[in-house]
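**Student:** Put chain B on the given structure of chain A with help from the hints.
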Amino acid sequence: MATQQRFVDWLGDLAEVMAREQGALTDLDSAIGDADHGSNMARGTAAVADLLDDEFADTATLLKKAGMTLVSTVGGASGPLYGTFFMRMAGPLAGIEDVSAAELGAALRAGVEGVQQRGKAEPGDKTMYDAWLPALEAYDAAVAADADIAAALEAAATAAAQGRDATEPWVAKKGRASYLGERSAGHIDPGAASTTLLLESAARTLR
Amino acid sequence: MKKLINDPNDVVVEALTGLAAAHPDHLRVDLTDKVVYRKDSPVQGKVGLVSGGGSGHEPMHGGFVGLGMLDAACAGEVFTSPVPDQMMAATKAVDGGAGVLHIVKNYTGDVMNFEMAAELADADSGIDVRTVVTQDDVAVKDSLYTAGRRGVGVTVLLEKIVGAAAEAGRPLAEVADLATRVSESGRSMGLALTSCTVPTAGKPTFALADDEFELGIGIHGEPGRERKPMAPARELAEQLLEPVLADLPRADGQPVIAFVNGMGGTPLLELYLMFNEVTQILDKAGVPIARSLVGSYITSLEMAGCSVTLLAVDDDMIGLWDAPVNTPGLRWGV
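The listed protein sequences derive, respectively, from chains A and B.
Take our numbering: the last position of the first sequence gets the number 207, and nothing is skipped along the way.
Take our numbering: the last position of the second sequence gets the number 1334, and nothing is skipped along the way.
This is chain A alone, in the form it adopts within the complex (with noise of 0.2 angstroms):
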């Protein structure tokens, strides 16, 4: 079961590795984007980092506002993407205290919903969407299992990888880099490698 201040310790660290890792995000921007995805993540979960010491009624609360904060100020096409993420994760905690694995299971896929809804994306995009499907998957399969929270978590943050990983040979189809065409093969997608790291980041906070 997760309280709400695991939630805290989540985007918590989430701002910690998004300012370690903006650098190796940016790169991977540079290569077939515009080179913003690491600055723009950094920016982002810094203000969300800034909302931790408020009191929030809710985890649900907390979730919504640091999904809107996202919003306003990550820009580009991840900010609407991952403040979408944690505006809909919210919808399905609302008014839980202790999260358990099954509830925090429903708040992901609404959130991953979310973000092919707002994205449009399809699997195989060469996405953030290639890192969310799997890891919702391998989630939902560990719980069906029995795991806790920090296992399905472990299970979903491994899936992602493999799905980031998997999107290296690809041609992108949407996004910036679906202006390189054939070109776009060869890099791993920016936002599949931030994905796979907020996912990290929950293994390793929520519990």
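Hints listed in this document are in silico derivations from the structure and should not be mistaken for laboratory results.
Where a beta carbon is used, it is the ideal one built from N, C-alpha and C, also for glycine.
Do not rely on the hints blindly, as some may be mistaken.
As the list claims (entries may be wrong) - Pair by pair, the computed Cβ-Cβ distance ranges are:
| hint | chain 1 | residue 1 | chain 2 | residue 2 | range |
| --- | --- | --- | --- | --- | --- |
| 1 | A | Glu182 | B | Ala1022 | 43 to 49 angstroms |
| 2 | A | Asp53 | B | Leu1269 | 42 to 48 angstroms |
| 3 | B | Glu1184 | A | Gln117 | 23 to 29 angstroms |
**Tutor:** Relative to chain A, chain B alone:
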């Protein structure tokens, strides 16, 4: 990285502060929401024109705010689209009761953020918002397999022409239809001779050897589709214009506005030289040039290179093009 900056994170706000200080009679700048406003907005009864996008394309868009063009421009971080809060603030501030037109370049981030802003504006304030998405870049194959053609040079011509229509008091539906017609009537193609350096990244986005250029670039320093051996200007002009002419929807004898745009690091000397090549190619192809524009209007920081835009025009569009405009980046007839 050697740039005239203080801190990479402060570039946009400090530049906006300078823009406000340089044009105190015509502009007002909200540094919190990073929106540049026409000083006398909202103009009652006039359709409000709001555009915006990443910074680094100056003078677009903030430099096109003023009489006869935009009412507000939202400035994102460098090469990053603005966020919905900025567009919401701008939309509310410029609504003079006649509704608001959002002018959006077709980039995933810009489209998503403006989409969210329009959803919020509708739910929140009931302001009538229409949207036009520019998508004139012929370098991009317009198919299901990309995010569609990028909005590039036509955006500038559209903001001028549609801005004049709004200034003349035309209603929102008419202004939006005109915007769609202009957007569909123009085609562009660009090339880069060098990369640019995004301040927060601190190093060039891509590397180009001295003897090669990148054909079909967008406006964010993102590499284009093809890297080719460097050639004389005449051949570069042909490589830019051939796909533009092949795709330009245009009736026999219909004139064009011809626009040679610098990407930020190319001097006017070379742009006029390129325009000379463009006029010769168009002359040979039997395409009359009704009006022309040469200069750096939609840039990519200090990138060397240029783009060519052709817009097939009718008499109405030419009249609106000639109408007075008074902005930091474009000014005539006043």
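**Student:** Holds or violated: 42 to 48 angstroms for the Cβ distance of aspartate 53 of chain A and leucine 1269 of chain B?
**Tutor:** The hint (42 to 48 angstroms, Cβ to Cβ) is violated, given that aspartate 53 of chain A and leucine 1269 of chain B are roughly 57 angstroms apart.
**Student:** Are glutamate 182 of chain A and alanine 1022 of chain B spaced within 43 to 49 angstroms by their CB atoms?
**Tutor:** holds, 45 angstroms
**Student:** With 23 to 29 angstroms as the target window, see if glutamate 1184 of chain B and glutamine 117 of chain A comply at their CB atoms.
**Tutor:** Between glutamate 1184 of chain B and glutamine 117 of chain A, where Cβ atoms are some 28 angstroms apart, the hint holds.
Hint compliance for this structure: hint 2 is the single one not met.
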